[in-house]
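Heads up: the protein sequence lines correspond to chains A and B, in order. Each number in this note's numbering corresponds to the 1-based position in the first sequence with 11 added. Each number in this note's numbering corresponds to the 1-based position in the second sequence with 269 added.
No lab work stands behind these hints: they were computed from the structure. Even glycine gets a Cβ: it sits at the ideal position worked out from N, Cα and C. Any given hint could be a false lead.
[What the hints assert, rightly or not] Which residues of chain B face chain A? A partial, calculated answer using Cβ under 10 Å: (1) Ala278; (2) Pro280; (3) Leu284; (4) Gly291; (5) Gly297; (6) Leu337; (7) Val340; (8) Ile405; (9) Val409; (10) Leu411; (11) Ala412.
Residues per chain are reported as follows:
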Amino acid sequence: MRDRMVRGIGLALTLGYATFIAWLYVQQPQSAAEVTGGLSATIGSYRVDTAAFEDGMAFFRRDQFAAARIAFERADPAHQDPQVQFYVAYSYYRQGWGRFYQDDKLFAQGLEAVNRAMARAPDGRIRVDDPALQMRSGEELKAELEAGLRRDASDFNPARILRPRK
Amino acid sequence: MTATREAIALPLVFLTVTLFGGLRIADGVTLLPPPLFALVLSVLLIGLLVRCGALAPNRLVHTSRSMLANVNGVIVMLAAFLASAQAFNIATPESGAPRVVFNLVYLVLLANTIAASPDRPRALRSLLVIFGSAFIVKFVVLAALSHPAEGPLTRVLQVLFEGVTLGSVTQGIFHPATGYVAFGTLILYLFGLVLLPAADEERLNRTLVTRRTLT
Numbered sequence: 012m013r014d015r016m017v018r019g020i021g022l023a024l025t026l027g028y029a030t031f032i033a034w035l036y037v038q039q040p041q042s043a044a045e046v047t048g049g050l051s052a053t054i055g056s057y058r059v060d061t062a063a064f065e066d067g068m069a070f071f072r073r074d075q076f077a078a079a080r081i082a083f084e085r086a087d088p089a090h091q092d093p094q095v096q097f098y099v100a101y102s103y104y105r106q107g108w109g110r111f112y113q114d115d116k117l118f119a120q121g122l123e124a125v126n127r128a129m130a131r132a133p134d135g136r137i138r139v140d141d142p143a144l145q146m147r148s149g150e151e152l153k154a155e156l157e158a159g160l161r162r163d164a165s166d167f168n169p170a171r172i173l174r175p176r177k
Numbered sequence: 270m271t272a273t274r275e276a277i278a279l280p281l282v283f284l285t286v287t288l289f290g291g292l293r294i295a296d297g298v299t300l301l302p303p304p305l306f307a308l309v310l311s312v313l314l315i316g317l318l319v320r321c322g323a324l325a326p327n328r329l330v331h332t333s334r335s336m337l338a339n340v341n342g343v344i345v346m347l348a349a350f351l352a353s354a355q356a357f358n359i360a361t362p363e364s365g366a367p368r369v370v371f372n373l374v375y376l377v378l379l380a381n382t383i384a385a386s387p388d389r390p391r392a393l394r395s396l397l398v399i400f401g402s403a404f405i406v407k408f409v410v411l412a413a414l415s416h417p418a419e420g421p422l423t424r425v426l427q428v429l430f431e432g433v434t435l436g437s438v439t440q441g442i443f444h445p446a447t448g449y450v451a452f453g454t455l456i457l458y459l460f461g462l463v464l465l466p467a468a469d470e471e472r473l474n475r476t477l478v479t480r481r482t483l484t
């Protein structure tokens with residue numbers, strides 16, 4: 012009887028541990044916060060710190076993008092919330108945007124963040140109802156960031172300097 | 270073998286090796302799944318363990334055992350297979366000529382050890398030497414060659430070395446913690462191999478005598 016119980020407990024433990032390892036290899040978390048946040052998101056108990064998110068939005072609207080990202084990081088330390096990650100990506104876009112050139116490093120980080128946002132969103136579809144933004148979907152933002160990173164003949168079009176920041 | 274060792278200790282040891290065998294710490298943390306060749310080497314290694322008697326599959330899966338016990342046994346074998354693949358993964362350089370050379374050397378050493386049909390202690394000692402040497406070459410020798418030099422003279426020598434080898438020897442730089450984790454993982458893996466249910470000594474001796482008589 013005791014033997015059966017030990018074997019049953021061992022089986023349950025092993026299956027749980029193996030599932031956790033498989034989850035880690037798929038999710039590739041970068042910090043302990045991402046591990047705990049990811050696990051709580053899996054069971055639907057992950058919550059964003061709304062006060063920190065509001066702080067981040069205030070910085071974002073004042074074009075203080077680095078400060079906004081610090082607040083967003085506090086709001087969503089596990090990088091699990093699609094909306095917060097969308098704003099993180101948008102902050103990289105706006106900070107990296109230039110009339111004459113784009114900052115590729117910031118655009119690449121923005122692309123990484125928007126990919127993360129789309130991966131976390133239900134069906135990969137993310138919509139943000141913010142009248143202050145000209146791009147309100149993950150697809151638009153991703154296309155803009157990818158276009159900024161691409162090298163082609165349109166980069167030499169002088170009319171480019173007239174294009175607006177979105 | 271006790272139920273605790275078979276159902277709890279062995280799976281947890283091998284799964285931990287599977288987890289940490291792919292861990293690489295640099296700017297960020299990456300978990301690398303085993304490459305295809307590591308799976309091939311793992312099959313060979315399990316074959317070697319069975320042949321030398323370090324792993325007795327019939328003590329893990331047998332018609333005389335209960336269904337639950339057989340499931341535990343299958344899990345031990347699967348976990349040992351994955352852990353072996355990850356042990357090769359962590360002990361192999363990440364890129365370039367050293368990676369190819371290491372893989373070839375593993376293949377030759379395993380094939381040679383299988384052909385030699387050593388007994389359990391000799392096979393385990395042989396594995397200790399294989400993984401120990403690989404660890405030293407990867408995390409001590411190659412890491413020293415790949416680490417950015419501090420003085421100008423050392424830097425010049427390093428650039429010359431990279432030029433001569435066409436950059437095919439130097440490796441990506443990992444955080445020192447990766448080496449410590451790798452060391453612990455390999456030790457844990459070898460400990461797991463020692464814990465595996467071995468073949469019955471008497472039966473094994475009979476097999477060895479029969480083999481010698483035939484040859």
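Against the structure, the hints come out as follows:
Given the 10 Å rule on beta carbons, the hint for B:Ala278 holds: about 9 Å separates it from the nearest Cβ of chain A. The closest approach between the C-beta of B:Pro280 and any C-beta of chain A is roughly 4 Å, which is under the 10 Å cut-off, so the hint is satisfied. Residue-level restraint check for B:Leu284 holds (minimum Cβ-Cβ distance to chain A is 5 Å; threshold 10 Å). Interface restraint check: B:Gly291 against chain A, minimum CB-CB distance 7 Å, threshold 10 Å, status holds.
Using the Cβ-Cβ criterion of 10 Å, the hint placing B:Gly297 at the interface with chain A is satisfied: the shortest such distance is roughly 5 Å. Because the smallest distance between the Cβ of B:Leu337 and any Cβ of chain A comes to about 5 Å, under 10 Å, the interface hint for this residue holds. The restraint placing B:Val340 at the interface with chain A holds, with a minimum CB-CB distance near 6 Å, inside the 10 Å limit. Interface hint at B:Ile405: violated, since its Cβ lies 27 Å from the closest Cβ of chain A, which is beyond the 10 Å cut-off.
Using the Cβ-Cβ criterion of 10 Å, the hint placing B:Val409 at the interface with chain A is not satisfied: the shortest such distance is roughly 27 Å. The interface hint given for B:Leu411 is violated, since its Cβ lies 25 Å from the closest Cβ of chain A, which is over the 10 Å cut-off. For B:Ala412, the interface hint is violated, the least distance from its beta-carbon to any beta-carbon of chain A being 23 Å, above 10 Å.
Hint compliance for this structure: hints 8, 9, 10, 11 are not met, and every other hint is.
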